[in-house]
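Chemist: Listed here are the chains, written in short residue letters.
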Amino acid sequence: MPEELTAELEIPEAKNPVESLLRMERMPHIWCPGCGIGTTVNCFARALEQSKLDLDNVAIVSGIGCTGRVAGYLHLDSFHTTHGRAIPFATGMKLANPELKLVVYSGDGDLFAIGGNHFIHAARRNVDMTVICVNNLIYGMTGGQVAPTTPVTAKGTTYPYGSYDPPFNLPYLADSSGAVYVARWTTYHVRHVTKAIKEAINTRGFSFVEIISPCPTLYSRRNKLGDGLDQMNYYKENSEIRNGADTKEVGMDFQGKIIVGKFVERERKTYRQLMNEHLTNVFGDQFTPYEG
Amino acid sequence: MKKVRGTVIIKDDSCKGCAFCVEFCPTDALHLSDRYNAKGYRLPELLDPEKCTGCGLCGLYCPDFAIHGYIIKKVA
Amino acid sequence: MNADKKAVLTGAHFIDGDHAACEGAIAAGCKFVAGYPITPSTEVVERIAARFPLVGGIFVQMEDEIASSIAIQGAVWAGKKAMTVTSGPGFSLMMEHIGFAAITETPCVFINVQRGGPSTGLPTLPAQADMMQARWGSHGDYEIIAIVPNSPQECFDLTIRAFNLAEEYRVPVLVMMDECVGHMTEKVEIPEADKIEVVERKFTEKPPGEYRMFDTNGSMVPEMVKAGAGYRIHLTGLTHDDRGYPAMSPVVHNKMLRRLVDKVLLNEEKIRHIEEDQVEGADVVVVSYGITSRVVLPAVNKARKDGIKVGHIRLITVWPFPESYIRELAKKVSAFVVPELNLGQIVYEVERCAAGNAVTQLVSHAGGAVHSPEEIYDEIKGVLGHA
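Chains as they are written, first to last, in the numbering used here: chain A, 1 to 292; chain B, 293 to 368; chain C, 369 to 755.
One chain only, chain A, in its complex shape:
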């Protein structure tokens, strides 16, 4: 097996390394058997560990829904906010304390339906934060309703005969809104996800990682796609790694090919940089920069 796989995990301890980042007193978590959210949490924990960040300075913000519960399980300063509003909460927190590393961790319905407006504006402003979207293509917590990511023809309880509501292509949306880092992987690609999260949190500016993840209870069952493992195998067999792909071309069809990879990596000044530079130009010595 490749050496990179063995090297980093040489932790000869009986304790699962993810546990140091979890609130173990809150386990077991609420997620269903075969749900991929927990898998993404492993990747996130590993990425944080490898990033060597001071974890006391990492704040995690979630909205509402299954993935919205991630904040509550992580042993970090964690904020479980209102439905769709994790990003503006994080915007306020980041602007008020620039020393904090802000990670928004939420689901596709939360971030892109009710929270869609905030996503595009935070990307436009280039607020320095990482947004991790666990995209299970459906509303899980409320019981399997169609999301703005549900592929056309897939069934949800609110489109019982199959959806005809065109979904977002999330990487394209992030790219065109101004995100400086955009990647998509699936929960099958655990090492790529880990690497992408590490890269995203080390990127200054608005970074976005989409992780396609199984929802066996609501998405797979209603659409007769088997269980979580069947979805994982679908990801394995139907994902095509295409780093640098034009995000316009990475939209998803029902059970079709999934284009994964790192699509965007670019530099833009952050909102704070723009603000401080501009106001320094305008006011010179009179400018009193926010001290944080």
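Please keep in mind that the hints were generated in silico from the structure rather than gathered at the bench. Glycine included, every Cβ here is placed at the ideal spot set by N, Cα and C. Hints are supplied without guarantee of correctness; some may be wrong.
[Stated by the list, open to error] Now the stretches of chain B that chain A is said to cover, found in silico as 3 or more residues with beta-carbon under 8 Å:
{"hint": "1", "region": "307 to 318"}
{"hint": "2", "region": "321 to 329"}
[Claimed, not checked] Simulated restraints on C-beta separations:
{"hint": "3", "chain 1": "B", "residue 1": "325", "chain 2": "A", "residue 2": "237", "range": "22 to 28 Å"}
{"hint": "4", "chain 1": "B", "residue 1": "325", "chain 2": "C", "residue 2": "620", "range": "35 to 41 Å"}
{"hint": "5", "chain 1": "C", "residue 1": "625", "chain 2": "A", "residue 2": "51", "range": "37 to 43 Å"}
{"hint": "6", "chain 1": "A", "residue 1": "157", "chain 2": "C", "residue 2": "622", "range": "42 to 48 Å"}
{"hint": "7", "chain 1": "A", "residue 1": "52", "chain 2": "C", "residue 2": "625", "range": "41 to 47 Å"}
{"hint": "8", "chain 1": "A", "residue 1": "164", "chain 2": "C", "residue 2": "577", "range": "51 to 57 Å"}
{"hint": "9", "chain 1": "C", "residue 1": "492", "chain 2": "A", "residue 2": "164", "range": "40 to 46 Å"}
[As the list claims (entries may be wrong)] Take a look, some chain C residues computed to stay more than 10 Å from chain A by CB distance:
{"hint": "10", "residue": "509"}
{"hint": "11", "residue": "560"}
{"hint": "12", "residue": "583"}
We have chain A; now place chains B and C onto it with these hints.
Modeler: Okay, now just chains B and C, sitting in the frame of chain A:
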């Protein structure tokens, strides 16, 4: 090249039987056992300890933080 | 604590209520404002945007009022004092986050410069029709504090008080201005910074291992921490236990909810702020608040010339409602007259507290202008059959 030996630890109570660990173990060292936990989930186990390299991929996949692997020794 | 000398514009100014409220926020130590333009409150954030680069604050114009009302709470949990400002439809959009601030005990200030509604209503004209919304607008049981200025000077003074109350009780505090007060230009005296009392946040001194987020240690208000201080807190809008962890239990909910409500209601007398005028021995007492109180003055003066024993009380704190005060007063007077720029809101609180001991008469007005003094005078005369 060094040969690596590893093992896994499984928390029976946490497992929800998704079998991600078994399916994606790169050396096919795991299988689903005949044991079930108190909630009725079928538990994985190390089928062939010789095969486990302690790579820890099972732990990275496990959505329930129920299994993790680690290296116990390296033999030349 | 006193206000920051560099930030406070000590001196006499001729400014409107919106601008005065901005200066009040700066004097109170507000360092973060998020807002979205909406008439007639926009001038508050415009002045904030102009002033903050010179006093070390951050203003961000958010994409909507929903974002504004939660961005400020992110800033508060980063350790800062923060507020948002809005009117009319924007206030409706902020309701969910007033509830979030209430359940998470996030100290923050909302300024609502009231205009006519519902919906887009009368964007440029006054009303006092959001008073019940201020109290009840978010779903569920909770308490907030609402204070109502009637002049630009009070927009300055009471915005400072709003920040102080927010810190003291860890509640959202609403400054319920109206279009008239917001756009009225008068003399505003801004005191020396060291004459301005500012309440700073009470951060815990306990080490991370011992600190429990919502443990009140016998008081009603838990101590705060901020993100990045090593406490690894969890904050949620779900019902939560003392650790801040979600707890879907009627027992935990009951305990949490009753404390959220009690910390405000049981301190009502401390929060109470009422201006009294010739209440002693009065037959009729006019109960007013905000801009309407200024129209009451000529009406009361005229009635007094007619020989009617009329008193006037102005509610500066409207929420929590001064129940015991009105209850006691109702035993001494024959009638209350309640003019307000709506079709009846606070009058029903007065009537409830009067409990049949005094007649309660509304002087309603649909908004868009203020009452004429005559309308109020007529009710003062009519309520006891003086007419």
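Chemist: Next, verify each hint and record whether it holds.
Modeler: Cross-check of the supplied hints:
no.	hint	in the structure
1	307 to 318	holds (count 8)
2	321 to 329	violated (count 0)
3	B:325 / A:237: 22 to 28 Å	holds, 27 Å
4	B:325 / C:620: 35 to 41 Å	holds, 39 Å
5	C:625 / A:51: 37 to 43 Å	holds, 40 Å
6	A:157 / C:622: 42 to 48 Å	violated, 33 Å
7	A:52 / C:625: 41 to 47 Å	holds, 43 Å
8	A:164 / C:577: 51 to 57 Å	holds, 55 Å
9	C:492 / A:164: 40 to 46 Å	holds, 44 Å
10	509	holds, 18 Å
11	560	holds, 20 Å
12	583	holds, 16 Å
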